[in-house]
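Using the sequences and the hints given, assemble the complete structure.
Protein chains: 2
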Amino acid sequence: MPLLDVCFSPELIHLYDLKGRIVVVVDILRATSSMVTGLAHGLEKIVPVSNLDECKSYSQQGYLTAAERDGKMALDFDFGNSPFSYMADLVKNRTLAMTTTNGTRAIRLSAEADKVVVGAFLNLSSVAAYLQEQQKDVLIVCAGWKGKFNLEDTLFAGALAHKLQDSFESENDATLASWHLYETATNDLAGFLSKASHVQRLKNLDIHKDITFCLQQDVYDIVPIMEGDFLVPYIPEVIKN
Amino acid sequence: MPLLDVCFSPELIHLYDLKGRIVVVVDILRATSSMVTGLAHGLEKIVPVSNLDECKSYSQQGYLTAAERDGKMALDFDFGNSPFSYMADLVKNRTLAMTTTNGTRAIRLSAEADKVVVGAFLNLSSVAAYLQEQQKDVLIVCAGWKGKFNLEDTLFAGALAHKLQDSFESENDATLASWHLYETATNDLAGFLSKASHVQRLKNLDIHKDITFCLQQDVYDIVPIMEGDFLVPYIPEVIKN
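For the record, the sequence lines run as chains A and B. Reading the first sequence from the start, the letters are residues 1 to 241 in UniProt numbering. Reading the second sequence from the start, the letters are residues 1 to 241 in UniProt numbering.
In case anyone wonders, no lab produced these hints; they're calculated from the structure. Since the model is a prediction, treat every value here as computed from it, not as a measurement. Where a beta carbon is used, it is the ideal one built from N, C-alpha and C, also for glycine. Any given hint could be a false lead.
BS3-like, lysine-lysine: derived pairs with alpha carbons at most 27 Å apart [stated by the list, open to error]:
no.: 1; chain 1: B; residue 1: 56; chain 2: B; residue 2: 45
no.: 2; chain 1: A; residue 1: 195; chain 2: B; residue 2: 163
no.: 3; chain 1: B; residue 1: 115; chain 2: A; residue 2: 146
no.: 4; chain 1: B; residue 1: 136; chain 2: A; residue 2: 195
no.: 5; chain 1: B; residue 1: 146; chain 2: B; residue 2: 115
no.: 6; chain 1: A; residue 1: 56; chain 2: A; residue 2: 146
no.: 7; chain 1: A; residue 1: 146; chain 2: B; residue 2: 136
no.: 8; chain 1: B; residue 1: 195; chain 2: A; residue 2: 19
no.: 9; chain 1: A; residue 1: 45; chain 2: A; residue 2: 209
no.: 10; chain 1: A; residue 1: 115; chain 2: B; residue 2: 146
no.: 11; chain 1: B; residue 1: 146; chain 2: A; residue 2: 19
no.: 12; chain 1: A; residue 1: 163; chain 2: B; residue 2: 195
no.: 13; chain 1: A; residue 1: 136; chain 2: B; residue 2: 195
Every beta carbon over 10 Å from chain B, so not counted as near; a handful from chain A, in silico [unchecked claim]:
no.: 14; residue: 57
no.: 15; residue: 76
no.: 16; residue: 101
no.: 17; residue: 125
no.: 18; residue: 183
In structure tokens:
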């Protein structure tokens, strides 16, 4: 059976051998939720970039640009980090350059993996289907908050571990912790997360609607997969049928 | 109210400002459990050191020496990492130099804190009493396993968070996760941990007895506190009375 493991922070990623593995990067609030939403609504591809200047420079190539720092939209970009902004017609068949506080960094640090894909509650079952299709060892990389552990990404890891319980070996401490936390929280994810640090931070920014949206499961069927420099949408066979 | 936070790995410690804080280092299986046991049984003091050669050199000063690597006792030392070995008469009024895979490293990395103390289930209530006495911000540093998250240290963090719930502010994600995991596990810590990686590792070394011992609460009333280069025993006033 392939292995499933969870890395709670990009700061711990050097402790894992990524070669031969598929990495699932998760940043529920809100980078990976927004990426899934954008690609599901017709974005052709997304280039995750590290810093604001590099991101802005992509507008000269006709790309849309998105930037978030500390939960807020950075100045002079087309988008911030709200999934709702990616539902507009103007994203169709466009390319987006995106930089966020935690999520895009986690993607970049995972580059050595065989494949890097993007997960969110919004595409949970599709990510699970993709991993079952591939049958390789998996590492879920939680983007966290500025290197620290966070609850919402951990709950996603636990939800994915539940989905994969019969087809992946997951008896390591981080996966067990994620599993149990998801089991405790599953009947009321929003309630469970209401004390979480980043949820508090976002509440101060008045984006309750975003949080509710990002905690919905299986709204979209695409899995964003890194191909070269770009995230492109993929739909697993079993989900298509 | 002072703050309580949890750092899940020595690899994340640079993300926290230790100045003005008390750090509680925990390595349940078995470094901090053994330290507490030794000091409770009459060891005068313990010097935690980083590497095997340095540790061995202390024998020339008449110190006892203890060394563990990968769960096993290293060659040519007086002790390994089993708490039972520290119950012998020969430890009385002696000084011990000790190096372990994870625990002594976590202590060394915490040096910038106002105070560094050592916690285990064996002295849980005394650690809580000491922290209530001090009324400073607290960071629990889990030694983990070679930098990775582990369950047993996290459960200790959750147990301590429960003890301090009325006197410390603990609404950060790592403390909330520890809290919930402890709540899930509390009625059967050994059963909950039976799938944990390090417990599996130790089972292969046939030290079931050590694990059972280390999961007992409040066997000893001393708190090991770093004073200069040494851990020395302290008994909080409220525990004395």
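- Would you check the hint for residue 195 (chain A) and residue 163 (chain B), treating anything up to 27 Å between C-alpha atoms as holding? 19 Å, holds
- Task: Mind checking the alpha carbons of residue 115 (chain B) and residue 146 (chain A) for me, to see if they're no more than 27 Å apart?
- Result: 26 Å, holds
- Query: Does the structure keep residue 163 (chain A) and residue 195 (chain B) at a Cα separation of 27 Å or less?
  - Reply: 19 Å, holds
- For the pair we were handed, residue 136 (chain B) and residue 195 (chain A), check the Cα-Cα distance against 27 Å. Measuring from Cα to Cα gives roughly 22 Å; hence the hint holds.
- Could you grab the alpha-carbon distance between residue 146 (chain A) and residue 136 (chain B) and see if it respects the 27 Å cut-off? Between residue 146 (chain A) and residue 136 (chain B) the Cα gap is close to 24 Å, so the pair holds against 27 Å.
- Query: Does the structure keep residue 56 (chain A) and residue 146 (chain A) at a Cα separation of 27 Å or less?
  - Reply: 22 Å, holds
- Does residue 19 (chain A) lie within 27 Å of residue 195 (chain B) when you go C-alpha to C-alpha? 26 Å, holds
- Message: Is the claim that residue 101 (chain A) lies outside the interface with chain B correct, judged by CB distances over 10 Å?
- Response: The claim holds: residue 101 (chain A) sits with its nearest Cβ about 14 Å from chain B, beyond 10 Å.
- Item | Straight-line alpha-carbon gap residue 146 (chain B) to residue 19 (chain A), limit 27 Å | 19 Å, holds
- Non-interface claim for residue 183 (chain A): all C-beta distances to chain B beyond 10 Å? The claim is violated: residue 183 (chain A) sits with its nearest Cβ about 8 Å from chain B, within 10 Å.
- Do the alpha carbons of residue 45 (chain A) and residue 209 (chain A) lie within 27 Å of each other, as the hint requires? Measuring from Cα to Cα gives roughly 25 Å; hence the hint holds.
- When you check the alpha-carbon spacing of residue 146 (chain B) and residue 115 (chain B), does it fall within 27 Å? 24 Å, holds
The structure fails to meet hint 18 from the earlier list, while all remaining hints are met.
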